[in-house]
Each structure stands twice: as C-alpha cells, then as structure tokens.
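Going down the list, the sequences are from chains E and Y.
The first sequence maps to residues 1 to 218 in this note's numbering.
The second sequence maps to residues 219 to 436 in this note's numbering.
A few of these clues could be false.
Which bits of chain E does chain Y cover? Going by a derived footprint, with three or more residues having C-beta under 8 Å, they are [unchecked claim]:
(1) 61-69
(2) 156-168
BS3-like, lysine-lysine: derived pairs with alpha carbons at most 25 Å apart [claimed, not checked]:
(3) E/K4 <-> E/K199
(4) Y/K348 <-> E/K162
(5) E/K209 <-> E/K16
(6) Y/K356 <-> E/K135
(7) Y/K303 <-> E/K118
(8) E/K4 <-> E/K135
(9) E/K162 <-> E/K135
(10) E/K16 <-> E/K4
(11) Y/K356 <-> E/K162
(12) Y/K350 <-> E/K162
Hint data in this document are derived by calculation from the structure and do not stem from the laboratory.
Note that the structure is predicted; figures quoted are calculated from it, not measured.
In this text, a Cβ means the ideal position worked out from N, Cα and C, and glycines have one as well.
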Amino acid sequence: MEAKEIIARRVAQELKEGYVVNLGIGLPTMVPRFLPKGVNITLQSENGFLGLGPLEGEPMPGVVNAGGVPCGLMPGAAMFDSATSFALIRGGHVDVTVLGGLQVDEEGSLANWMVPGKMVPGMGGAMDLVSGARKVIVAMEHCTKEGETRILERCSLPLTAKSRVSMVVTELAVFSISHGEFVLLETAPGVSVETVREKTGARFAVPEKLGQMAFDIT
Amino acid sequence: MNKIVQWPDIGPLFRDGMTVMFGGFMGVGTPLGIVAALRESRVGHLTLIGNDTAMPEAGVGPLVASGQVSRVIVSHIGTNPTTGKKMIAGELDVDLVPQGTLIERIRCGGSGLGGVLTPTGVGTVVEEGKTKMAVGGKEYLLELPLRADIAIIKAKRADRAGNLVYERAARNFNPVIAFAADLVIVEVDELVEVGEIDPDMVMTPAALVDKIVLSQGA
Chain E
1 MEAKEIIARR VAQELKEGYV VNLGIGLPTM VPRFLPKGVN ITLQSENGFL GLGPLEGEPM
61 PGVVNAGGVP CGLMPGAAMF DSATSFALIR GGHVDVTVLG GLQVDEEGSL ANWMVPGKMV
121 PGMGGAMDLV SGARKVIVAM EHCTKEGETR ILERCSLPLT AKSRVSMVVT ELAVFSISHG
181 EFVLLETAPG VSVETVREKT GARFAVPEKL GQMAFDIT
Chain Y
219 MNKIVQWPDI GPLFRDGMTV MFGGFMGVGT PLGIVAALRE SRVGHLTLIG NDTAMPEAGV
279 GPLVASGQVS RVIVSHIGTN PTTGKKMIAG ELDVDLVPQG TLIERIRCGG SGLGGVLTPT
339 GVGTVVEEGK TKMAVGGKEY LLELPLRADI AIIKAKRADR AGNLVYERAA RNFNPVIAFA
399 ADLVIVEVDE LVEVGEIDPD MVMTPAALVD KIVLSQGA
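Okay, chain E solo, but in the shape it has when bound (with noise of 0.2 Å):
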C-alpha cells in the first residue's frame, strides 16, 4: 500500500456516525473512499454548504468545491453564505477537520500555508478551520521529499495555529497530542519504534500497550 492510501485509510477510522467533516485538498480528499460500512458522514465546504459529494454526470451551476472544482450535493445538502459557513467552523460545529501538514510540533502546532520566500498562496480557510474544529487531525507524510522529518520540537515555518492540532496520521505512526502531550499511539506494521523516533524531531511518549496501524481490506 502506498504511503497515502496508508494515512487516508487511518484516517477513515477516526470519522463516527453522523460527524460534520471538512476535508483540505489533496491527500485528505481521498478519506472518504475509506470509511467503514454504515459510517455516514457530512462533508463541510468552507465555500458555503454541507453536503458535499462526488460529481455524477455534468458539472451543475454554482456547484464547486473549495478548490472551485465542480462538485456534487447529496441529498439533503444545504447552501448558506460564507459568513455563516464560517460560524460553523469557528463555532464548534464542524466535528472534524483533516488537513495536510508541512509541519507539527510537539506542542500540537501546526504550520501549512507558507513557505517564506517560496510559496505564500494565502491561508485561505485553513486557519479558522485549525483555530474552531472540534478535532484537528493532520494527514501527511512523515518525512519531506528530501527526508527531513515534519514532525519537530518546534515549527520552523510560520504557524497556521498555534497547539490545536489533536493527531497526526503518516505512513510510519499515529500520534495524538491532549493536554499538552504528546504520545506515539500506534505504528504501521514493520515500523518499529526506533525507526519512528529515528525520523522524527520531536520528542514523544510511549505508552506500555503500543498500538498498531490496522487495516481491514477485502
């Protein structure tokens, strides 16, 4: 299994019946074809709805994703402008939001929208989704194309918020962070804890019954 579909498929295991869910683009996009049978969830579209689906037939008016990318509704979608759509965010209301990473720290801060003197798109809905979902999961490779480690002791890029971030998800491990710690939950199968703790800066606890990544594929 590649890395991603590793991370999405974990992922896929923490959304309950009935959440209200916001996906960022890309690796967490790809959650939703995982999620256990007879788990429904709600799709938040930070561009004004809930009810996001798959697109099926021709793309219909006014009807995009937040990337502006034609979209589907599902039955019993709602529709509403951007102020409210962000009283959702801020208020609580969005159960879970899963975004990439370029890094985490062990103080749960999380650092996702620029890169000084590279990249600077704009934050976008990244920060309010951060600062107001009621989990923040993070979905990223454990390590840049380059191999240095994006989990630190502390973000080296400017901050998307600061210790809101409840778990990180990559091919190699699950953590979580609450109350200010933060802890190894679970390793992929064949990755040991010294491997983990070899590709990662910050510093985490190990609890005596570690778990492991599980996947049930039929």
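Chain E is already provided as a structure; the job is to place chain Y on it using the hints.
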C-alpha cells in the same frame, strides 16, 4: 425608483482610487460582466476586497493582470500566479486575511459593529500589530470592520425592486458585501416582476441594492 440600468451606465460609476468589494469564490459568484466593465473603464489605483484573486482569466483575475489594482485584501492568491508576481515586483500590496476573519470584518462593516473578537490567528503572524484580549480565559484578536465604496454582486435572480436570490455556492461573499458598501451593483441572470420571488426565499433584501444590470451571458 428605477434600479435597472444598462451596461453603458456601469462604467461611469467607477472612479480612480475606489475600494471595490466583490462576490465570488475562485470566480464562482463573481459578476463577470461588471468586472469587464471595470476593466474597460480603465480606472486605476483600485483596492479590491474579496475572497481570492481567482485565476488570471477568471473572477477578478483580469483586473489584477491589467494593472488597475494597487491593493488586494483577500484570503488566498495561490491560484493566480499574476497576483504573486506583482506582489514580489512591488506593484501590488497584498493583505492576506484568514477567510473567516475577512467575512466577519465585512459583516461588521455592514452591520454597524466596531469589530469582532476571533481566536483565529492567535499565536501566528496574523496577530502582529493587533489588540489581543482575553475573554473567559481564552485569547482573541480584535479584528476591525471593512467597508467599500462599491460592492459588485452576482445573483441568479432579482425582482425589479432588487430582492435577490443566489445560486448554490455562488452565494458565498455576495449577501455579506451587500451590506458593506456605499453603492451596491448587482449583475443578474434573470429579472422578474416584484412579487414573483417568495418573501421567504429572498437572500438579500431589496433595500440594500442600488443598481441592477442584466447579465449578457444569460
């Protein structure tokens, strides 16, 4: 009062140095006819306030490319490389504002409020130069209102009085900016008689609308 105007009436409404708020998210919900009229008017030194600068050929992209804009206040520029190039060349000031904060600042500007307290941006570069306040033990940033000289809006349907209905996710910033400008111009696909829109379905009340122009694309 007749609010219905023709396309040749639109250009003369614009002046050098104006602040223009625009509806739209990646160009979806942006009044493209009015953007074209602004471009043809050749007015310059504009400040644009809206969600994003879309793409070079979409939304307000053509205005950025034509050099008529000296400042943008937006949440995202990443999909329009021209915005980034002009920013780096020092030809364009770019204020990046988190999307949920941007829409709340506009809402404040349009609804008589002196500002809003938001947790978004606390602990990031967004807090620089801003008043920080603790309420109930949680930190917030004071974000100030935004207003404009003109708001340019895209609606699906208007009655002759100016009651508006938007289509799907093309609603986004449109109903909020309708409150926050001295002059509100709406481009509509469909114009109907007063009374034909069910009062419960009105998304922007006619009292906010000054000028209505029928889209040529419809």
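_Tell me the hint numbers this structure goes against, listed in increasing order._
Violated hints: none; all satisfied.
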